[in-house]
Amino acid sequence: MIQVKGIHKSFGENHVLKGVDVDFRRGETNLIIGRSGSGKTVFLKTILGLHQQDQGQIIYDGEVLSEMSKQRSKKLRQEIGMLFQGGALFDSMTVAQNIRFPLEMFSDMTKHEMDERVKFVMNRVRLEGADSKFPSEISGGMQKRVSIARAISMSPKYLFCDEPNSGLDPETAIVIDQLIHEITHEFDMTTIVNTHDMNSVLEIGDHVIFMKEGYKVWEGNSSEVLKSTNQDVEEYVFKSKLFQQVRKALR
Amino acid sequence: MITNFFEGIGAYSVLMTKVFRKPDRWKVFYRSTIKEIQLLGIDSIGIVVILSVFMGAIVTIQTAFQLSDDPLIPTYYIAMATRESITLEFSPTVVSLILAGKVGSNIASSLGTMRVSEQIDALEVMGVNSANFLILPKIVAQLFFNPLLILMSMFLGLWGGAMAGDMLGLIAFQESISGYQLEFIVFENVIYGLIKSVVYAFIIGSVSAYSGYTVKGGAVEVGIASTNAVVRSCLAIILSNYVLTDLLLN
Numbered sequence: 001m002i003q004v005k006g007i008h009k010s011f012g013e014n015h016v017l018k019g020v021d022v023d024f025r026r027g028e029t030n031l032i033i034g035r036s037g038s039g040k041t042v043f044l045k046t047i048l049g050l051h052q053q054d055q056g057q058i059i060y061d062g063e064v065l066s067e068m069s070k071q072r073s074k075k076l077r078q079e080i081g082m083l084f085q086g087g088a089l090f091d092s093m094t095v096a097q098n099i100r101f102p103l104e105m106f107s108d109m110t111k112h113e114m115d116e117r118v119k120f121v122m123n124r125v126r127l128e129g130a131d132s133k134f135p136s137e138i139s140g141g142m143q144k145r146v147s148i149a150r151a152i153s154m155s156p157k158y159l160f161c162d163e164p165n166s167g168l169d170p171e172t173a174i175v176i177d178q179l180i181h182e183i184t185h186e187f188d189m190t191t192i193v194n195t196h197d198m199n200s201v202l203e204i205g206d207h208v209i210f211m212k213e214g215y216k217v218w219e220g221n222s223s224e225v226l227k228s229t230n231q232d233v234e235e236y237v238f239k240s241k242l243f244q245q246v247r248k249a250l251r
Numbered sequence: 001m002i003t004n005f006f007e008g009i010g011a012y013s014v015l016m017t018k019v020f021r022k023p024d025r026w027k028v029f030y031r032s033t034i035k036e037i038q039l040l041g042i043d044s045i046g047i048v049v050i051l052s053v054f055m056g057a058i059v060t061i062q063t064a065f066q067l068s069d070d071p072l073i074p075t076y077y078i079a080m081a082t083r084e085s086i087t088l089e090f091s092p093t094v095v096s097l098i099l100a101g102k103v104g105s106n107i108a109s110s111l112g113t114m115r116v117s118e119q120i121d122a123l124e125v126m127g128v129n130s131a132n133f134l135i136l137p138k139i140v141a142q143l144f145f146n147p148l149l150i151l152m153s154m155f156l157g158l159w160g161g162a163m164a165g166d167m168l169g170l171i172a173f174q175e176s177i178s179g180y181q182l183e184f185i186v187f188e189n190v191i192y193g194l195i196k197s198v199v200y201a202f203i204i205g206s207v208s209a210y211s212g213y214t215v216k217g218g219a220v221e222v223g224i225a226s227t228n229a230v231v232r233s234c235l236a237i238i239l240s241n242y243v244l245t246d247l248l249l250n
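Chains S and W are the protein sequences, given in the same order.
Under this note's numbering, residues 1 to 251 are what the first sequence spells out, in order.
Under this note's numbering, residues 1 to 250 are what the second sequence spells out, in order.
Hints were generated in silico from the structure; no laboratory data involved.
These numbers were taken from a predicted model, which means no experiment stands behind them.
You may find that some hints are simply not true.
In the SDA-like style, the derived pairs of lysine to any residue whose C-alpha atoms are separated by at most 20 Å in a straight line are [to be verified]:
#, chain 1, residue 1, chain 2, residue 2
1, W, K216, S, Q52
2, S, K74, W, K216
3, S, K111, W, K216
4, W, K216, S, F90
5, S, K18, S, Q55
Please model the complete structure; the sequences and the hints are all you need to start from.
This is the structure we're talking about:
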């Protein structure tokens, strides 16, 4: 579980996060939604520790992030898997080398054990046969799957995903969403997904928070989001014609 | 501008303190260093060969042109003067300046691309000291291979000078060799150049890496960083050449 308590973050005069409180539960896919500029990415990076908060606490399973020793903090990093918006695969390495990289850096596995682990996660994300290809030789959807495979290779306790569906066709986006959802439950991880995609919200949103101008303005789950009476959420969710039709049908 | 300069020096120093740490895994570090030696060192051999041979030939022709008017000056002095020019300045400095262009832009653009495509963030999230993991092998590869390239350049420069002198009838090949050996002092003629080459290697590796690693933005900024890497490295080489020449010769 990750608890966020009263987080504030500013960049110079720009006050981006204005006191966000939220609990992200283990074994659930936690989604952060909101318009561009609402502070989602800064929020995600602050939870990850890539930005230092100005006020407030981030608590990983009872341990306050800012109070951790350097060693513990480094150890925590190895318990985190991250799926970046663009994949962030190392382009000088093959698919298998990308997935193997965290194992080589941080595990004490033998070569054979690493091979087995790489094979396992590749099968898990349905990437069989792509091991010797370079990231530039595979599709965007496959790159996302490699990125997921790399993120879960160390069996992380926490998974962070920044816009996992950006640049993907709707069908592939659903596949990626389902994969994130499946592995979250399968490996009992605390997963936080930053997204704009309402399909993702409906598909995998065990827990959804809506952010606006640095505040958390709504919290619920995927079925509650369509029934929300919060004006900001309504404006965001029912902006598209498709969802306006859905609302009509619901009413 | 002055504030920016000092901020840059500060940021560069902070980055270097992150670079010079114990690697997380020696095996991975060793493998990366070998890869960098291939990319930054061995792949530069071609340009160093061509540059050095022609540089030696040109220096010989120029020196012969200056000295041939006076019949009292023995022709082997052409070779001696060529040797001094090649070993003291041309090979260490000019070759390093060329390598600052080739290697420096390579380092800056590869790190800059990794920065804008979030590959460096990915390393940080995993708990890898990205500065140490990415930059240290490049600096070590440079420190190891640049002196070898400079040694090779000295040899080829002298050989090119002797060949050109012989082919153009300015000085016989054997006489060039005798001239090269006359009053040859290992420290002055080789070690001096190698000391410079080590300093230049560090400058090329670290300054270019700083330019690439600190990129913010996109493709345009990566291009700017690549240009900055070359300009900054060349300036630093020229300035350090002035200091080193004074220190080593006086």
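Checked hints:
For the hint pairing K216(W) with Q52(S), the CA-to-CA distance comes to about 19 Å; that is within 20 Å, so the pair holds. The hinted pair formed by K74(S) and K216(W) fails the criterion: a straight-line CA distance of about 25 Å is larger than 20 Å. Between the alpha carbons of K111(S) and K216(W) the distance comes to roughly 37 Å, so the proposed pair goes past 20 Å and is violated. For a cut-off of 20 Å, the pair hint linking K216(W) to F90(S) stands: about 19 Å separates their Cα positions.
Between K18(S) and Q55(S) the CA atoms are separated by roughly 9 Å; this keeps the pair inside 20 Å, and the hint holds.
The structure fails to meet hints 2, 3 from the earlier list, while all remaining hints are met.
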